[in-house]
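**Student:** Here is how the chains run, residue by residue.
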Amino acid sequence: MILTEQEKAEVEANRQRYEQHKALGQQQAPKALPPPTPRDGAPIAADAIIHRETVPGGWYYVTKLGRGEALRLVNTSGTSCVSIQAWNAFDPSERLNHADTIKVQWAASLRKGRVILSDMGRALLSIIEDTSGAHDTMVGGSTAATNAARYGAGSFRNTRDNFVLAAGKLGLDRRDLHPSIGFFAPVAVDSQGRFEWHGERRNKGDFVDLRAELDLLVAVSNCPHPLDPSPSYAPGDIDIIRYQAPQPAADDLCRTVSLEAKRAFENNAFYLAGVAGRA
Amino acid sequence: MTAIPASARIVLDTEIPARVPWSAIIRKGQTLRIVDSHGQQAVDTLFYAADDHGERYSGQDTLRAQGSAYVTTGTRIMSTEGRTMLRMVADSCGLHDTSAGACSCESNTVRFGHQTKYLHACRENFVLEAAKHGLSKRDIVPNLNFFMNVPLDTSGNFTVVDGVSKPGDYVEMVAEMDVLCLISNCPQVNNPCNGFFPTPIQVVIYEAGED
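Residue numbers (our numbering), protein chains in the order written: chain A, 1 to 279; chain B, 280 to 490.
Check before you lean on any hint, since a few could be wrong.
[As the list claims (entries may be wrong)] Capping the alpha-carbon separation at 20 Å, the derived lysine-lysine pairs in PhoX-like fashion look like this:
1. B:K416 with B:K396
2. A:K169 with A:K22
3. A:K262 with B:K396
4. A:K64 with A:K169
5. A:K8 with B:K416
6. A:K31 with A:K262
7. B:K396 with A:K22
Source of the hints: derived by calculation from the structure; they are not laboratory data.
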């Protein structure tokens, strides 16, 4: 296609703007991101705990999570993978969007300081603590078919079915399911784009803390990740601690770590002002 | 570009103008050819089982099924129910993404600044086209991006860079079930997925002949 001089100038202006965004996006956040949380580095005050529950291997958990509350997901056994889905409690058509989460933050890897975005340009969850940094945004959870392929004949609970059940209990259905994010799932890609499993990066006692940035519905599945090479189906228990997170300070890490995160939280503030206006 | 066999029956041969949505049913056994007529045009694509829209394209299942972060010849395009919807049988380009999803007015504000809110985006296209089939925003899931170049490095960095598709590059998929196909011929000018200048594409649906 032959472009006019004016069209060429527009293309060039668009390209320059993109290169500026890319340079800022790829430089600012990585400098500001902290190292992983030490496993003994973030105790939760007893009076902040709202609820505590152990979810057995293979099972799922559903909760409402008020804005400002957090979920600590603890890999007590070291053999679990915890997959999540999340929806805006007031409008479940707004939901976790893994593609926007990784594209907007220029990084497929999640760790402390990153946020999880919705399809509506808002922050749903902030990763306020994370001992691991080994999480999966690409491959998703297990299904009946992946379990059958890995473990052979038998009845093994899987993440897809867990999410169908969880959605049902929230008054939602499979149309509302979306690609999930898997915590404690050390998936990486090699230089050819092939997936690799780095089991050494998953450790007993790892935890991740997710702070709700809107009132949410959350579903959690505790099943082995489909790329986990272990030949035995042996997901351990996980602990889930729902707690009142400290009020975010003006310099809150997740809200200030990047220009993209700042703009997502500006969208949250604009939306929340509208919600408050109706109350 | 490999010619479509003379014995084939052409079910549909159409141009999708720059920036606009499109949809059609592709029957089991039919081939969908998408041609990047002018090169460097991202083609955002979604599939639904034609008789059950609750079963739809799953990017994560597709990537897991082939063990790789990219889509190319041989890739089985998987549904949320773990079934193969289509098989990719030809790919003259070699680089297609299914991790970066579609542009939207809302994500553009986060990625490129609030001033980009009122720019036409793929999600707008998808919602409008989906509505013709009784579907809504609930049904829009992260999609396939043909001809979109999204390299993922080994440390997890992720960016959209210039597409490598040349004028006439194409992909072909054979449907293994009846599928509803939604396309947004991406209007994005904020990143290099279209070379910052959206262009028309060609879509052909055909059936192999008897010989």
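**Student:** Given the hint that K169 (chain A) pairs with K22 (chain A), does the C-alpha gap stay at or below 20 Å?
**Tutor:** violated (41 Å)
**Student:** Between K416 (chain B) and K396 (chain B), does the CA-CA distance stay at or below 20 Å?
**Tutor:** holds (18 Å)
**Student:** Straight-line Cα separation of K31 (chain A) and K262 (chain A) no greater than 20 Å?
**Tutor:** With Cα atoms ~16 Å apart, K31 (chain A) and K262 (chain A) stay inside 20 Å; holds.
**Student:** Run the distance test for K262 (chain A) versus K396 (chain B): straight-line Cα separation, threshold 20 Å.
**Tutor:** holds (16 Å)
**Student:** Quickly compare the C-alpha distance for K8 (chain A) and K416 (chain B) to 20 Å and report which way the hint goes.
**Tutor:** violated (35 Å)
**Student:** Is the Cα-Cα distance between K64 (chain A) and K169 (chain A) 20 Å or less?
**Tutor:** holds (11 Å)
**Student:** Holds or violated: K396 (chain B) and K22 (chain A), Cα atoms, limit 20 Å.
**Tutor:** Satisfied, since the Cα-Cα distance of roughly 18 Å is no more than 20 Å.
Violated hints, listed in ascending order, are 2 and 5; each of the other numbered hints is respected by the structure.
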